[in-house]
Amino acid sequence: MSQWVVKGLRTGVKTTNYPRLPDTAPGLSCGLPATTDLRGEHAQALVARCPTGALSVGRRGIEVDQRRCIHCLRCRRGVNQQLAWEARYEWARVTDKSNRHDNRFGAAFRRSAHILVVDAGDCGACLNEVKQLNNPYYNMHRLGFFLTPTPRHADVMLVVGAVTEHMRLALRKAYDAMPTPKRVVAAGACALFGGVFGPSFTCGGGVAQAVPVDVEVPGNPPPPLAILHGLLVAAGQRQPASSCG
Amino acid sequence: MFFEPGQMATQARTRWHGQVHAERHDDRTSRIECPPHVVPEVCSWLFYELGLSFGGLIVEQAGQWTLRYLFYGEREQGWVHMIARLPAEQTKLPSISALIHAADWHEREAEDLFGLVFEGHPRLGDFVLHNDVWQENLNPMRRAFDGRKPVAHREPDANWRPRQIVHEEGSFVMPIGPIYSSATGPVHFLLETVGEDVIRAQPRLFYTYRGLEKIAEGRSVEDVLLIAERISGTSAFAHSFAFCQAVERIAGIEPPPRALALRVFIAELERLRHHVAAIEGICESTGLAVAAAQAAIMEEELLRISAVLTGHRYFFGLNAVGGLAADLDDSAVRRATEQVSELGARLSELEEMLSISSSFLDRLEEVGDVSATDALEFGLVGPVARASGVARDLRTAQPYSGYDRLTFEVPRESEGDGYARLRLFFREAAQSIRIIEATGAALPSGPFRAPAAAAPSGAALGWVEAPRGAALHWISLGDNNVVERYRIVTPSFANWHGFRLAAERFAFQDFPIILATFALSVHENDR
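Chains as they are written, first to last, in my numbering: chain A, 1 to 245; chain B, 1 to 527.
Hint data in this document are derived by calculation from the structure and do not stem from the laboratory.
Where hints are given, some of them may not hold.
Computed list of chain B residues with no C-beta within reach of chain A, every gap over 12 Å [to be verified]:
1. Y48
2. P162
3. F206
4. V333
On the chain A side, residues computed to face chain B include the following (Cβ under 7 Å) [unchecked claim]:
5. C30
6. H71
7. L143
8. F146
9. H166
Glycine included, every Cβ here is placed at the ideal spot set by N, Cα and C.
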């Protein structure tokens, strides 16, 4: 089996320098639409194309509610005047529910946090991006993040999906079974407001309707570094994104 | 017997004289209409004597009930739509599951969601809608049910217990899930055992049931396309591909050559990524960390290649009715092709290293085997079926989007065990790379999307060989481009049904490995 040791060593280090340095590798993130100074007919056309109402015409032109973006790219494709997209990934925000002025936010998890991942009914893309956090490119162990299969060991619950009726009880039970202090990170458009799925007869309108959410990560799906940023925010190691789009 | 659509219709008419109405619908489809009591006979003729595969069951409620049993065969045989109609007030019809086991879950689903009763079916109820959450007789797929509003649910029953099948002395149920392992889709496994071995492995699914077929109703084609992309994020392009083909068939739109070629390019890129992820899952399940990391590196690279090429890591927002929503740059396609070729060399190296890692092979060989007969009768599809020797692949059996003009192999293995499935993932990945290279090198120029045309009302089937197997999308369009019925038949639905064939009679420690070799998606199954 020594071949594997050699193979592993030969592969070298693949891991990103984030959060020490920004990562700018191509293909990391598809980006999010940004507030653009566009008015008039073109602006109205773009707003009408957005299927989730993430765009609106405001004081600064087209204003973007990034929480509601589902990456359908319809404000970028098949239009005369495109909306500007920013290609970054530090999107996570602290919710109003969490006291953002409390400087002890996440202090208990600063060195190490165990994470319970709950798929509360997504399409599998968000879940797959969460899974990538363990691949050598992101290797979240180096930052003290570990996945745990049991809520009893979990400090942070990372939830994806709009919360289906079938998952509501399991999600609640898992949350209640976690010891305090605990944090909930909701990742992906569905987890934030229901996405294309909810609310409906079988889907809720996001995680916050089932358990209290501390950190929100927009994206459909959020790329791995965006989720990692969300975890760093929950652990008090990184500043959240500023609140404007 | 090998009939083409016209002959098949003649044969059916002769055989059930006066009882069936059969005709050649188009050059690829024959339609057989018969009263419900003849359905089992005709279905078993199609399945056993003609050797067709059971595609799925489509139920439509428009005044009366229309039940459409889909079958498909090799190229010349085409598609067969077996149609039975029931008056609106009648909800009982004979089950075909005893004859064609592949229909088992389709009938259970229709019973649970439409309230149709399939007489003779051994097990109905508590399937898509869990009994401990939903009220009885809700029938959410019926026309009268409003899917946009929340409904009253039961108070969760703390005393609810799963049904136990094994009643031997000392037997017990080991419940696992729905939240289990580190980052997995929710599923509840009810593993019954008397000690070491798993005797019954019943998965309780549909924790991610988002009611997609229901919420699609009454929406525009553009809105439903967003839903099609989000049936299963890891095979988003395949499903939107099938959806667009169905709509194009209704509207009579032929996408331009460039769109056809680019769709094949992207579909194979997605298949390659899926298979690499499946290989990673298998290595991970056996604890072979370095191999898993190698595959994980390749998966991440493929996600990045996808994002650079198409603007999204999972190809969201790319497919459009009539072609693609955006053109891909020729030089970007060339660059992606080069990167994929280079990755292919590393994938072959990984395959070779795994093939001489004896402790790894010990965990896979003769573990979780599925016989060819079982694979046929349970209607398994995709790589899982091909590893058991059942080689039907929609890309060659019922070609679409120009696959018939491409040269590639459909690999097949015969052992049907975990190792056969692993080898199959590698061999198919190599074929996908071959298609990517051929398509990327000879990309036609010209428009990337056919001019928009309003679709008339009508219904059509779209199909693709998704990474996990056959995916069939049936769309019925009403006036003003509104979707009236959207039926999504997915490969994971077929393969979850057959999963227990592999998992039962093996020890507990083999269970996660067998699960990994099936590369199942709960999202794709649940919809």
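Comparing the hints with the structure gives:
1. Y48: holds (35 Å)
2. P162: Nearest chain A Cβ is 14 Å from P162 (chain B), so the label holds.
3. F206: violated (6 Å)
4. V333: Its Cβ never comes within 12 Å of chain A, the nearest being 15 Å, so this holds.
5. C30: holds (5 Å)
6. H71: holds (5 Å)
7. L143: violated (16 Å)
8. F146: violated (9 Å)
9. H166: holds (5 Å)
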